[in-house]
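Could you put together the complete structure from these sequences and hints?
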Amino acid sequence: MVPEGASAAAAMLVAGHIAFRETAVTGSARGPLCLMGVCFDCLAEIDGIANRQACMVTATPGMRIDRQHGARSARP
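By the count of full-length UniProt numbering, the sequence shown reaches residue 76 at its end, each step adding exactly one.
Among the hints, erroneous ones may be present.
[What the hints assert, rightly or not] Pairwise CB distance ranges, derived in the manner of DEER restraints: (1) V38 <-> G5: 16 to 22 Å; (2) M1 <-> T23: 29 to 35 Å; (3) H69 <-> A6: 20 to 26 Å.
Because the hints were derived from the structure by calculation, they are not lab data.
Don't be surprised by glycine CBs; every beta carbon is placed ideally from N, CA and C.
Structure representation (structure tokens):
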């Protein structure tokens, strides 16, 4: 359980997940570094939406957070 107002990144860390995404080139695991929206190493799929910075999203009950695999993609 995470405190009210905690980020999705904090919720993942509390749950024991340290790797949030895999890099596109080497597939190496990456986890949050700055926790303030600068590094983009906390990118995750949150509630079905990819490329979300987990450190910038407030965790809510029932939220689904999945690891992001590969390169970020842009919608047309």
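Hints, verified against the model:
no. : hint                   : in the structure
1   : V38 <-> G5: 16 to 22 Å : 20 Å, holds
2   : M1 <-> T23: 29 to 35 Å : 31 Å, holds
3   : H69 <-> A6: 20 to 26 Å : 25 Å, holds
No hint from the list above goes unmet by this structure.
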